[in-house]
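Which chain is which? The protein sequence lines are H and R, in order.
Numbering-wise, this note's numbering comes out as the position in the first sequence, counting from 1, plus 1.
Numbering-wise, this note's numbering comes out as the position in the second sequence, counting from 1, plus 11.
Hints are computed from structural coordinates only; laboratory data are not their basis.
Take the hints with a grain of salt, since some may be wrong.
Derived DSS-like pairs: lysine-lysine, alpha-carbon spacing no greater than 30 Å straight-line [said to hold, decoys possible]: (1) R:LYS65 with H:LYS69; (2) H:LYS69 with R:LYS67; (3) R:LYS110 with H:LYS79; (4) H:LYS69 with H:LYS104; (5) H:LYS104 with R:LYS110; (6) R:LYS48 with H:LYS79; (7) R:LYS48 with R:LYS79; (8) R:LYS82 with H:LYS104; (9) H:LYS69 with R:LYS82; (10) R:LYS16 with H:LYS104; (11) H:LYS25 with R:LYS110.
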Amino acid sequence: DAGVIQSPRHEVTEMGQEVTLRCKPISGHDYLFWYRQTMMRGLELLIYFNNNVPIDDSGMPEDRFSAKMPNASFSTLKIQPSEPRDSAVYFCASSLDRALNEKLFFGSGTQLSVL
Amino acid sequence: DQQVKQNSPSLSVQEGRISILNCDYTNSMFDYFLWYKKYPAEGPTFLISISSIKDKNEDGRFTVFLNKSAKHLSLHIVPSQPGDSAVYFCAAWSSGTYKYIFGTGTRLKVLA
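Looking at chain R on its own, in the form it has when it is part of the complex (with noise of 0.2 Å):
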C-alpha cells in the first residue's frame, strides 16, 4: 500500500515556464514533508520542506504548497531551467514512526 503517490511519472515543461509536481498521501498523521532532487548516477539531495502546520514554503525559485484537507501537497518551479531536469521525490515523515515515506518519483524534463 503505497502512503505517498506521485501519480505522474513524467513531466516536460518549456524554459522559463511553471513546473508543478504533485504528490498525494493518505496517512493524516504525516506531519512533516520534503521534496528530493536525483540527478542520473547520483543520490537524493534535499530541496524543500514544509511543516505541517505551515501552507507553503518558499526558497528562491522552488515553492512548495500544502493542502491539508486534500492530504496534497505540490512543487511549483519558476521559472524553470534545463538544470532542474532530474527525478522529484516527494516524502512524508511521521513523528509516530520516525520513518520518511518517499513517493515512486516524477521524472522533469525542462526542455530549452
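So here's chain H without its partners, still in its complex pose (with noise of 0.2 Å):
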C-alpha cells in the first residue's frame, strides 16, 4: 500500500498566484480530509469528502479557498489568489468509516510558501 500520497512536496508561489495542491487518498479509504499546520493553531481541519462529496467546509478559511474531489483516488485543494499568510504545511488524510473512529492516515504534506 503506497499510503496517502501528495503533491507537490514543497511550493514556493508569489503573492496573487494560484496554488493547486493535489492527494491520492489510500484505495478503499472512503473519507479524505485537509488539514493545515501553523505554529499557532496546530493541525486545523480545512474540509472533509466522504465517497467525494464534501461534508464540512466550515474550516475553510474564506473564498479563496476551494477544494474538490472528482473521483475516489483524487482531490485537490486550490488557493486563488495566494497570500503570503496562506503559508503553511497542508496535509491530506484518508480513512474509512468515520463512525468507527477511524484512525487518519496522513501524507506527506505539502510546504506551501507564499512570497
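With the hints as a guide, bring both chains together as one complex.
Spelled out as C-alpha cells, the structure:
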C-alpha cells in the first residue's frame, strides 16, 4: 500500500498566484480530509469528503480556498489568489468508516510558501 | 477558540527517563482521543488511542491516561529513547460532529 500521496512536496509562489495542491488517498478509504498546520493553530481541519462529496467545509478560511474530489482516488485544494498568510504545511489524510472512530492516515504534506 | 490545547510547546527529557506530554480539552462531548507522532518532513502517524469509557490504555512503552472530570489526557513514554524525538499531537473526536480536532503539538526532544 503506497499510503496517502501528496504533490508537490514543496511549492513556492508569489502573492496573487493560483496554487493547486493534490492528493491521492489510500485505495478503499471513503473519507478524505485536508488539514493545515501552523505554529499558532496546530493542525486545522479545512474540509472533509465522504464518498467524494464535501461534508463539512466550515474550516475553509475564506472564499479564496476551494477543494474538489472528482473521483475516489483524487482530490485538489486550490488557493486563488494566494497570500503570504497562507504559507503553511498542508496535509491530506484518508480513513475508512468515520463512525467507527477510524484513525487518519496522513500524507507527507505540501510545504507552501507564498512570497 | 482552541478546543484542544497542548500548553507545552516543547519538552526535553534524558534518554531512559519518563516523558509526559499533556493535553487539555474543553468540549465534554469528545468521546475518543488519539495521539499522533510527527517527524520532520513527514505526515503525522497514529500512535495510541483511548475511548472515553476508559481511563488508561497501554501499548508497549506508551500509555495514555484520561481524566474526564478534569478534561485532561496525558501520554507517558517509558523509557524515552532518542528515536522518540518528534512532535506529538493529541486529537479529540466527537460522535456528534464526526471531526477530529487537533492540538497545537508538543515537540519532544530525548537527549542521549
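Hint by hint, here is what the structure shows:
no.	hint	verdict
1	R:LYS65 with H:LYS69	violated, 38 Å
2	H:LYS69 with R:LYS67	violated, 39 Å
3	R:LYS110 with H:LYS79	holds, 22 Å
4	H:LYS69 with H:LYS104	holds, 22 Å
5	H:LYS104 with R:LYS110	holds, 11 Å
6	R:LYS48 with H:LYS79	holds, 27 Å
7	R:LYS48 with R:LYS79	holds, 23 Å
8	R:LYS82 with H:LYS104	holds, 21 Å
9	H:LYS69 with R:LYS82	violated, 36 Å
10	R:LYS16 with H:LYS104	holds, 20 Å
11	H:LYS25 with R:LYS110	holds, 20 Å
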